[in-house]
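As given, the protein sequences belong to chains A and B, one line each in that order.
Under my numbering, the first residue of the first sequence is numbered 6, with each subsequent residue one higher.
Under my numbering, the first residue of the second sequence is numbered 6, with each subsequent residue one higher.
These aren't lab readings, by the way, just hints derived from the structure by calculation.
Be aware that a few hints might be false.
Note that identical chains are pooled: a pair holds if it fits in a single copy or bridges any two copies.
As the list claims (entries may be wrong) - Distance condition first, Cα-Cα at most 35 Å in a straight line; then the derived DSBU-like pairs of lysine-lysine: (1) Lys55 with Lys118; (2) Lys230 with Lys118; (3) Lys330 with Lys55; (4) Lys102 with Lys365; (5) Lys118 with Lys214; (6) Lys102 with Lys184; (7) Lys184 with Lys313; (8) Lys225 with Lys102; (9) Lys184 with Lys214; (10) Lys365 with Lys225; (11) Lys225 with Lys330; (12) Lys102 with Lys205; (13) Lys56 with Lys230; (14) Lys313 with Lys205; (15) Lys313 with Lys230; (16) Lys205 with Lys230; (17) Lys214 with Lys102; (18) Lys330 with Lys214.
Each chain, written out:
Number of protein chains: 2
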Amino acid sequence: MNCEILSVGTELLLGEIANLDAQIISQGLSEQGIDVFYHTVVGDNPERLKKALDTARQRAGIIITTGGLGPTADDLTKETIAAAFGRRLVMDPVQQKRLHERMGARMTPNNEKQAVLPEGCTVLENDWGTAPGCAFEAQGCHVIMLPGPPRECEPMFRYRALPYLESLREGVIRSRYVKIFGMGESEMESRLSYLMNTLKNPTAAPYAKEGECLVRVTAKAADEKQALALCEPVVQEVCSVLGDVVYGVDVQSLEQVVVEGLRSRGLHVAVAESCTGGLIARRITDIPGASEVFGCGLVTYSNEMKNKLLGVSNETLAQFGAVSKETALEMARGVRRVSGADVGVGVTGIAGPGGGSAEKPVGLFYAAVSFEGGEQVIERLRRNATRERTRLYASSCALDLVRRAVLL
Amino acid sequence: MNCEILSVGTELLLGEIANLDAQIISQGLSEQGIDVFYHTVVGDNPERLKKALDTARQRAGIIITTGGLGPTADDLTKETIAAAFGRRLVMDPVQQKRLHERMGARMTPNNEKQAVLPEGCTVLENDWGTAPGCAFEAQGCHVIMLPGPPRECEPMFRYRALPYLESLREGVIRSRYVKIFGMGESEMESRLSYLMNTLKNPTAAPYAKEGECLVRVTAKAADEKQALALCEPVVQEVCSVLGDVVYGVDVQSLEQVVVEGLRSRGLHVAVAESCTGGLIARRITDIPGASEVFGCGLVTYSNEMKNKLLGVSNETLAQFGAVSKETALEMARGVRRVSGADVGVGVTGIAGPGGGSAEKPVGLFYAAVSFEGGEQVIERLRRNATRERTRLYASSCALDLVRRAVLL
Numbered sequence: 006m007n008c009e010i011l012s013v014g015t016e017l018l019l020g021e022i023a024n025l026d027a028q029i030i031s032q033g034l035s036e037q038g039i040d041v042f043y044h045t046v047v048g049d050n051p052e053r054l055k056k057a058l059d060t061a062r063q064r065a066g067i068i069i070t071t072g073g074l075g076p077t078a079d080d081l082t083k084e085t086i087a088a089a090f091g092r093r094l095v096m097d098p099v100q101q102k103r104l105h106e107r108m109g110a111r112m113t114p115n116n117e118k119q120a121v122l123p124e125g126c127t128v129l130e131n132d133w134g135t136a137p138g139c140a141f142e143a144q145g146c147h148v149i150m151l152p153g154p155p156r157e158c159e160p161m162f163r164y165r166a167l168p169y170l171e172s173l174r175e176g177v178i179r180s181r182y183v184k185i186f187g188m189g190e191s192e193m194e195s196r197l198s199y200l201m202n203t204l205k206n207p208t209a210a211p212y213a214k215e216g217e218c219l220v221r222v223t224a225k226a227a228d229e230k231q232a233l234a235l236c237e238p239v240v241q242e243v244c245s246v247l248g249d250v251v252y253g254v255d256v257q258s259l260e261q262v263v264v265e266g267l268r269s270r271g272l273h274v275a276v277a278e279s280c281t282g283g284l285i286a287r288r289i290t291d292i293p294g295a296s297e298v299f300g301c302g303l304v305t306y307s308n309e310m311k312n313k314l315l316g317v318s319n320e321t322l323a324q325f326g327a328v329s330k331e332t333a334l335e336m337a338r339g340v341r342r343v344s345g346a347d348v349g350v351g352v353t354g355i356a357g358p359g360g361g362s363a364e365k366p367v368g369l370f371y372a373a374v375s376f377e378g379g380e381q382v383i384e385r386l387r388r389n390a391t392r393e394r395t396r397l398y399a400s401s402c403a404l405d406l407v408r409r410a411v412l413l
Numbered sequence: 006m007n008c009e010i011l012s013v014g015t016e017l018l019l020g021e022i023a024n025l026d027a028q029i030i031s032q033g034l035s036e037q038g039i040d041v042f043y044h045t046v047v048g049d050n051p052e053r054l055k056k057a058l059d060t061a062r063q064r065a066g067i068i069i070t071t072g073g074l075g076p077t078a079d080d081l082t083k084e085t086i087a088a089a090f091g092r093r094l095v096m097d098p099v100q101q102k103r104l105h106e107r108m109g110a111r112m113t114p115n116n117e118k119q120a121v122l123p124e125g126c127t128v129l130e131n132d133w134g135t136a137p138g139c140a141f142e143a144q145g146c147h148v149i150m151l152p153g154p155p156r157e158c159e160p161m162f163r164y165r166a167l168p169y170l171e172s173l174r175e176g177v178i179r180s181r182y183v184k185i186f187g188m189g190e191s192e193m194e195s196r197l198s199y200l201m202n203t204l205k206n207p208t209a210a211p212y213a214k215e216g217e218c219l220v221r222v223t224a225k226a227a228d229e230k231q232a233l234a235l236c237e238p239v240v241q242e243v244c245s246v247l248g249d250v251v252y253g254v255d256v257q258s259l260e261q262v263v264v265e266g267l268r269s270r271g272l273h274v275a276v277a278e279s280c281t282g283g284l285i286a287r288r289i290t291d292i293p294g295a296s297e298v299f300g301c302g303l304v305t306y307s308n309e310m311k312n313k314l315l316g317v318s319n320e321t322l323a324q325f326g327a328v329s330k331e332t333a334l335e336m337a338r339g340v341r342r343v344s345g346a347d348v349g350v351g352v353t354g355i356a357g358p359g360g361g362s363a364e365k366p367v368g369l370f371y372a373a374v375s376f377e378g379g380e381q382v383i384e385r386l387r388r389n390a391t392r393e394r395t396r397l398y399a400s401s402c403a404l405d406l407v408r409r410a411v412l413l
């Protein structure tokens, strides 16, 4: 059974927002092995919505709509779809009560509209906003309606729509994610091709994103426990084949792994940044509770500041330059010293677009780490990368250095 | 004449990427007064692409496709569309030569396919990648094909597709953008409603985004010069009505205005951050050439680092707390002193989700600026905002403080 995602909202057609809902839902359906053949976006216009719905019904067994469930006169998804499938709309007293509790004094007569739902539908309770979703089957087609704002749509899809879809079939599909930094996608694929090409259940598939890559291991089984048990040996094998380029399984991000690893060991990190300009500090402090592990961050662009704040020697700067292994190391040592942190990180480089030379081209950077057990420094060159991508990659290299130095 | 955007790519249906192309193109068409009634996404599948194309032809006078112009066997947009409109595909010798020049030794026989174009089409040269786009009219429908990667699609749309669309009609449409920080959208709208509700050419329309808002002034005229001349008095009036909450006209961002303003005055700025965790430094150093104005950035989470690196007094920290006007001011003064910069900025607050109290709730922050002419500090509270949004808003407030302190 294939699915079409039908997103409703004039703001999408005006380009005010990107269709992130369709991306989130597509990812989730792909993991469940449900094919998506079309996305359609239509404005808050009942005639065109009706036409788009008629087209979708002819080619999809599941239609997931996003948007148009709100309280205003523009919000017409439920009305249009219920009419198209010959369903009456009725007030749901449970949802009406929930709405009143949630909105309190802000409740207006308009808002009641959100508790009006197609007769006999499965109500998808919304714990992340005011408009409930709903699902029903009619004329051989499953229709699931979700609210539009991504902060509501994402959890509504994950915790409401996916269980509904699972209830339609036998068994469950579960995925696990092996996250990798420091190995290219093609090398990873060639090392794992013997697995990827032969496995049937679970399957193993590679993905690349923003300088990182990952392997998704997906199994189908009668229940969640059995599905995860099928995945487990493959996850173990992927980790064992790839070794320490694997930074985590089922983890959010490199910075999360670093922050949690430092926290569990009671260590503090301090960061001295040049070309990354605060990005490493920002990524670490993006993680709630980072204050327990983050000593301080210093962003020093000029030689003067590198010398004055971090104690990088003027001789080093003169002899090797601000973009050098030596300067990166002295930055790492310096920030560790001034902060008293257990781990010091230093990054210096040329993010571009200007400032490059034949000897030290745009995209060149050095990252160093200094800790009780020793110190390390790496050199990397990203040719033809934008300023943004070079900075992002350099910040990831620095975080990975910390992981390798003190968390392995 | 209305337009449909038809995006081709299985990666979109798998949720690997969001459909940013459709957003970019929709924005641009909206500025040109061209209605978009539908977006459709279809995979790299010629049958379904053909069906989607047939549906689009029935309801749109302009079809803009994105994706599927590359060298691989998957890339079938040109082949499918040319067949549907009864056009032959022929090798374009100019594009073939360009490809060879661009690819050099990396050129393979597959790559030649990118120079094969529908007979008699307008070629849209691609200066940002290898696959040229094309445009033609057939059976009352204009078809424009653009490459899929957003870094190619965006300039191809702006510099190739838009001029093609302009050539189809009389006159041009031009927009100017008045950017605003520090006034809510509803207040802005009520102050400008007399203009927005009465103007016909140019028009003035409000937009809100990420804590900022803007007014778009759009005029239609015989040529660009006349269109801009029509906009000018309205832009002036908007600026005069709104006053100093306007941070720029036709500018990229607040950080760009701050960096360029400081550069033109020969001033340096240094930043001390707590809750924003390096975000202000990152935003400043996002701007190429920021090194000319950026002294340094210090990210100090703990009281100890605030005292040791910035000289915030232990008495201030004990009496008023780390999140206080007094601490923000001492951070601004301290970072100015240690860096020798002309302008010092200090930000401290509670980004959440933890760390709040009844007296100092999550979302509370202080931003201070210290400069030769004096100092200023503000208090703001964003209730119910996420950690990410609070940090972004606090960083914008700090940048705006710098603008108001030294650039007005």
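Each hint tested on the structure:
Only within a single protomer do lysine 55 and lysine 118 lie at most 35 Å apart by alpha-carbon distance; the minimum there is 20 Å, versus 40 Å between protomers. Within a single copy, lysine 230 and lysine 118 get their C-alpha atoms no closer than 41 Å, and across copies no closer than 49 Å, so neither meets the 35 Å cut-off. In this assembly of identical chains, the alpha carbons of lysine 330 and lysine 55 never lie at most 35 Å apart, being 63 Å within a copy and 56 Å across copies at closest. Taking the closest pair of Cα atoms, lysine 102 and lysine 365 come within 35 Å of each other only across two copies (33 Å); inside a single copy the shortest separation is 66 Å, beyond that limit.
For the homomeric pair lysine 118 and lysine 214, the shortest alpha-carbon distance between copies (27 Å) is at most 35 Å, but the shortest distance inside one copy (42 Å) is not. In this assembly of identical chains, the alpha carbons of lysine 102 and lysine 184 never lie at most 35 Å apart, being 44 Å within a copy and 42 Å across copies at closest. Proximity of lysine 184 and lysine 313 under a CA criterion of 35 Å is satisfied in neither setting, with 39 Å inside one chain copy and 38 Å between copies. Proximity of lysine 225 and lysine 102 under a CA criterion of 35 Å is satisfied in neither setting, with 39 Å inside one chain copy and 51 Å between copies.
Taking identical chains as interchangeable, the C-alpha atoms of lysine 184 and lysine 214 lie at most 35 Å apart whether they share a chain (11 Å) or sit on different chains (33 Å). For the homomeric pair lysine 365 and lysine 225, neither the shortest alpha-carbon distance inside one copy (51 Å) nor that between copies (49 Å) is at most 35 Å. Within a single copy, lysine 225 and lysine 330 get their C-alpha atoms no closer than 49 Å, and across copies no closer than 57 Å, so neither meets the 35 Å cut-off. When the C-alpha separation of lysine 102 and lysine 205 is checked against a cutoff of 35 Å, the pair qualifies neither within a copy, at 48 Å, nor between copies, at 46 Å.
Taking the shortest alpha-carbon separations for lysine 56 and lysine 230, neither the intra-copy value of 43 Å nor the inter-copy value of 42 Å comes in at or below 35 Å. In this assembly of identical chains, the alpha carbons of lysine 313 and lysine 205 never lie at most 35 Å apart, being 60 Å within a copy and 59 Å across copies at closest. In this assembly of identical chains, the alpha carbons of lysine 313 and lysine 230 never lie at most 35 Å apart, being 57 Å within a copy and 52 Å across copies at closest. Taking the shortest Cα distances, lysine 205 and lysine 230 sit within 35 Å of each other inside one copy (18 Å), while across copies they are farther apart (64 Å).
In this assembly of identical chains, the alpha carbons of lysine 214 and lysine 102 lie at most 35 Å apart only when taken from different copies (33 Å versus 44 Å within one copy). Only within a single protomer do lysine 330 and lysine 214 lie at most 35 Å apart by alpha-carbon distance; the minimum there is 28 Å, versus 42 Å between protomers.
The structure fails to meet hints 2, 3, 6, 7, 8, 10, 11, 12, 13, 14, 15 from the earlier list, while all remaining hints are met.
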